[in-house]
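*Asks:* Please build the complex by placing chain R on the supplied structure of chain L, with the hints as guidance.
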Amino acid sequence: MSRVRADEEEYWHSSKFRAFTFDDEDDELSQLKESKRAVNSLRDIVDDDDDDLERVSWSGEPVGSISWSIKETASGSTSSLDGRDSSLQKGSSSYAALPKQASSYSLSSLFKGRNKLSSFQSLSDALTDTGVRNYAPELRRPKAEYKDYSSDWSPKDTVRRMQRGKVCSLERFRSLQDKLVLLDEAVAGHDGNVITAVLIFLKRTLRREILFRELEVRQVALCHLIHFLRETGEQKFLLDLLRFLDRTEEVALSQYREHLNIQDVEKRREFLKGCIGLPFSAEDTSHIQDHYTLLERQIIIEANDRHVEMAGQSELFRKYPRKASILNMPLVTTLFYSCFYHYTEAEGMFSSPTNLKKTFKIPDKQYVLTALAARAKLRAWGDVDALLTTKNWLGYTKKKAPIGFHRVVEILQRNNAPVQVLQEYVRLVEDVDTRLNLATKYKCHDVVIETYRDLKDRIQLTAYKCKVERGSAEEEKIKSILSNT
Amino acid sequence: QAIVWDEYLTGPFGLIAQYSLLKEHEVEKMFTLKPGRLPPADVKNIIFFVRPKLELMDIITDNVLREDRGRSPQRDFHILFVPRRSLLCEQWLKEQGVLGSFIHREQYSLDLIPFDGDLLSMESESAFKECYLESDQTSLYHAAKGLMTLQALYGTIPQIFGKGDCARHVANMMIRMKREFPGSQNSIFPVFDTLLLLDRNVDLLTPLATQLTYEGLIDEIYGIQNTYVKLPPEKFAPKKQGEGGKDLPTEPKKLQLNSAEELYAEIRDKNFNAVGSVLSKKAKIISAAFEERHHAKTVGEIKQFVSQLPHMQAARSSLANHTSIAELIKDITTSEDFFDNLTVEQEFMSGIDTDKVNNYIEDCIAQKHPLIKILRLVCLQSVCNSGLKQKVLDHYKREILQTYGYEHILTLNNLEKAGLLKPQTGGRNNYPTIRKTLRLWMDDVNEQNPNDISYVYSGYAPLSVRLAQLLARPGWRSIEEVLKMLPGPHFEERQQLPTGLQKKRQQGENRVTLVFFLGGVTYAEIAALRFLSQMEDGGTEYIIATTKLINGTTWIKSLMEKLEPAPF
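As given, the protein sequences belong to chains L and R, one line each in that order. Quick note, in our numbering, the first sequence goes up one by one and the last residue is 1108. Quick note, in our numbering, the second sequence goes up one by one and the last residue is 614.
By construction, these hints were calculated from the structure, which means they are not laboratory data. There's no promise every hint is true.
[What the hints assert, rightly or not] Coverage of chain R stretches by chain L, computed from C-beta distances (three or more under 8 Å per stretch; other residues unrestricted):
| no. | segment |
| --- | --- |
| 1 | 130-143 |
| 2 | 184-190 |
| 3 | 448-461 |
[As the list claims (entries may be wrong)] Each computed SDA-like pair below joins lysine to any residue, with the alpha-carbon atoms no more than 25 Å apart:
| no. | chain 1 | residue 1 | chain 2 | residue 2 |
| --- | --- | --- | --- | --- |
| 4 | L | 980 | L | 916 |
| 5 | R | 175 | L | 1080 |
| 6 | L | 779 | R | 541 |
| 7 | L | 984 | R | 444 |
| 8 | R | 175 | L | 823 |
| 9 | R | 443 | R | 474 |
| 10 | R | 99 | L | 857 |
| 11 | R | 327 | R | 312 |
| 12 | R | 99 | L | 881 |
| 13 | R | 608 | L | 870 |
Glycine included, every Cβ here is placed at the ideal spot set by N, Cα and C.
Extracted from the complex, chain L is given alone in its bound form:
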């Protein structure tokens, strides 16, 4: 530390950076004025509650240490970094008024009669009084900067100072008129950091109705406040605001979003139930309703299935233990689950696939796809067959796949269906090229042979003869076709 201390001493005396040099009267005066003003200002930004932690650290440790490390980094790296690119501005660290806490002067002693806290805060203001160098075009610091310390800043100046990272007194802006001018200036500066700071001030000092009313005609500021409330999770204030603005759909969505923070399923379900009546758009309302109904179902199914699984009575659950709970899963996943574990249940049961299909108006295509995947996974080929078979009113049966038979084949193949099962569906693929392709790929020889036969393509058929096993039934079949024509 001693080395640092010495360096520090030297730093303050030799550098051109403004430090609290108490032997310089002019400077002291202006500095103190600024500090004082900052003391006032800080109440806006930072609440006045007495904070023990703060006191300890502000007074306890030499403030210089970090600035030292940073400064050292800076002085070393500027040369190497600045050469590379300029856009990299030096860390704009606290070169400026960095009072030396460890010096014989204790800042707080200068504020006799004031409460201690203020002095700490003034210190923090001094720390923040740094950003100037940071501001791009201002490579040289204009002298004019110093002038305005003694006078009150206009809203414009206040905003400009805040943009440079300084903390300014906002408390001075008492009248509504002043506050609004300040806000408009902040908005004109486009710096969200400043806009938010002003909004925090307004939020604290204005009545809600007035704040809301004024923000209604200041859209940019309004957006910032909404964003701020969302970030800090001030849900109630946010909803009040949105309601005031009559942005009902946003109110609804914003409230609905809350469900994500509720872990307990029962509570989540209750919450979603409350969301149903919210003023969503017509389309969204039905989705929210579905969300609630789905979770309600999942809770019932989960309770039941967990019980069955634990009891160990069901062969299905024993053979295929559940990998995860069904709670909070998407609808299609739930349908798959139900097709897997509850396929044969009557429609009256909540967990039956047909019930889900009806309740949520699941399109045929989606249903067949999901059911097919589930039954194929269980290798229940009979169910697959039944699923794709329709009966017309005359009692004739016909195979039908709303998803197209090529997709059926894909799904079955992925579940390692035997060739006998597979080829039945490959045969039904309408497009000839696709059919040949699939049949060749999955070695459904019969289908390949029949297709070539129907195409009367002797050349291909002859070529295919080499691909089937010698002496097999397929080879015989090809031979007989070739000799018959």
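*Replies:* Chain R only, in chain L's frame:
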């Protein structure tokens, strides 16, 4: 001292400072920021390098609160915000009762980070979201500040053009900043002739399409972060004899990609289909060079050969790396699904069947392809149709919610707000007019020896870059009608230069234009601009700046509602 890093920042910082440099400055330990107790370290000062984000403040709070008060020596905390202090964050720390624990709260202004000789980025991942969803223009303020810095270093830019609301804001701020600081007038001879500010929302289409340049594909598939890419290790296994491929490395291979690498500079902006031939040509040259050694007879010749060896070795390893990467990419680009996806994208962009439910998208949903892929396609369709018919939109929405979960209604709403996914209003589809006027779709694209920027998407010419191209020649006056169809105002401003600094152009001298993409830019767009820079009769060179390097996936992701609850 020890630094606790917000992990996101380590990338950008890595571009400007090495660990060794930090070490020289007595940084003894570095940690990444995560909840819990800080690791022990025998240091006096703990410095947090963080972005001003509330969720990070929560983690810091946790760190600080769990710090053992009894330990000695006690450690001091400091916080360094990048790129700016945030009063909101400090307020937040205050509310958590830890603000006072920080002896220093500072900012490290890092506006524009150099990524390459012609590329600057602010790496502000949420800039688009903030500007277009939350109407928070803070990132624009930083962009304007960055531009002021650039002007301070490279001279006042005499001409400013722009298109879009954000562009207008940035230009206004620049003018204002200049007015407020007359002292900023500098006497540097201007490097840039023109600044072009472009809103990302003027061209929502381009990032949604799959980039087809070499670099673009690397980014699409593996994600380039701060010029680094992590690749699956298998293809990079050292091929030594006798190992029999037993000890395959499991750590991903990390490579830096920038123009300092000769080979990469040559191929990065090519259409992927043209990369293979370059690589094989290079391979032949390098083997020939190595063959030389057989012909080296005299001592002098041998000496010369040896002196070239390091360069040849480097070239060989560079070639080996890129051959491996190209193989990895080829595996994907030749897959059926990549082809199908691309076909649908190209149909949409050329205006085919954009007004009805697309089969491929439906299939992808049914097979539960990643949600972001679905959203990219649906948004692409919506943008190429100036909004979807209500019935089509409702259908997609329903399918997405049923398959991926109802909570995604929040994300769909965000996309709608950002204008990416919307119902068609007024029943008018402007896209065909825009496409034809700006020649966004080129049927006869030459991927090997391109003659038009459309090669970067194998047919689609990025709208944003077309705007830049048309601005240079013949000027935007020729496309007034189309500009009016695109969102936001277009404008021109002039910044007066002192007479001594006005450029007197030499015959044949190129103009230099700085194109600033507000809300992000893709590698393919960068490639297209570089292509224009290199055109012999182009007359304009481009330097590119942006708020963030993006691709469709990272972009959509930034707009998605965070569904996992915060770590606390």
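*Asks:* Hint by hint, note whether the structure agrees.
*Replies:* Here is how each hint holds up against the structure:
1. Check result for the segment 130-143 of chain R against chain L: holds, 10 residues qualifying (beta carbon to beta carbon below 8 Å, three or more required).
2. Counting residues of the segment 184-190 of chain R whose beta carbon lies closer than 8 Å to any beta carbon of chain L gives 4, which meets the minimum of three for the stated coverage.
3. For the segment 448-461 of chain R, the proposed coverage by chain L is satisfied: 9 residues have a C-beta within less than 8 Å of a C-beta in that chain, meeting the threshold of three.
4. For the hint linking residue 980(L) to residue 916(L), the alpha-carbon distance of about 13 Å falls within 25 Å, and the restraint holds.
5. As the CA atoms of residue 175(R) and residue 1080(L) are separated by approximately 60 Å, the hinted pair breaks the 25 Å bound.
6. The suggested pairing of residue 779(L) with residue 541(R) holds, with an alpha-carbon distance near 24 Å, which does not exceed 25 Å.
7. Restraint check for residue 984(L) and residue 444(R): satisfied, since their Cα atoms lie roughly 11 Å apart, inside the 25 Å limit.
8. Note on residue 175(R) and residue 823(L): the hinted pairing holds, with a Cα-Cα distance of about 22 Å set against a maximum of 25 Å.
9. For a cut-off of 25 Å, the pair hint linking residue 443(R) to residue 474(R) stands: about 22 Å separates their Cα positions.
10. For the hint pairing residue 99(R) with residue 857(L), the CA-to-CA distance comes to about 16 Å; that is within 25 Å, so the pair holds.
11. Of the pairs offered as hints, the one joining residue 327(R) and residue 312(R) holds, with about 12 Å between alpha carbons and a cut-off of 25 Å not exceeded.
12. As the CA atoms of residue 99(R) and residue 881(L) are separated by approximately 20 Å, the hinted pair is consistent with the 25 Å bound.
13. Distance hint between residue 608(R) and residue 870(L) is fulfilled; the C-alpha atoms sit about 22 Å from each other, no more than 25 Å.
The structure is inconsistent with hint 5 alone, although it conforms to all the rest.
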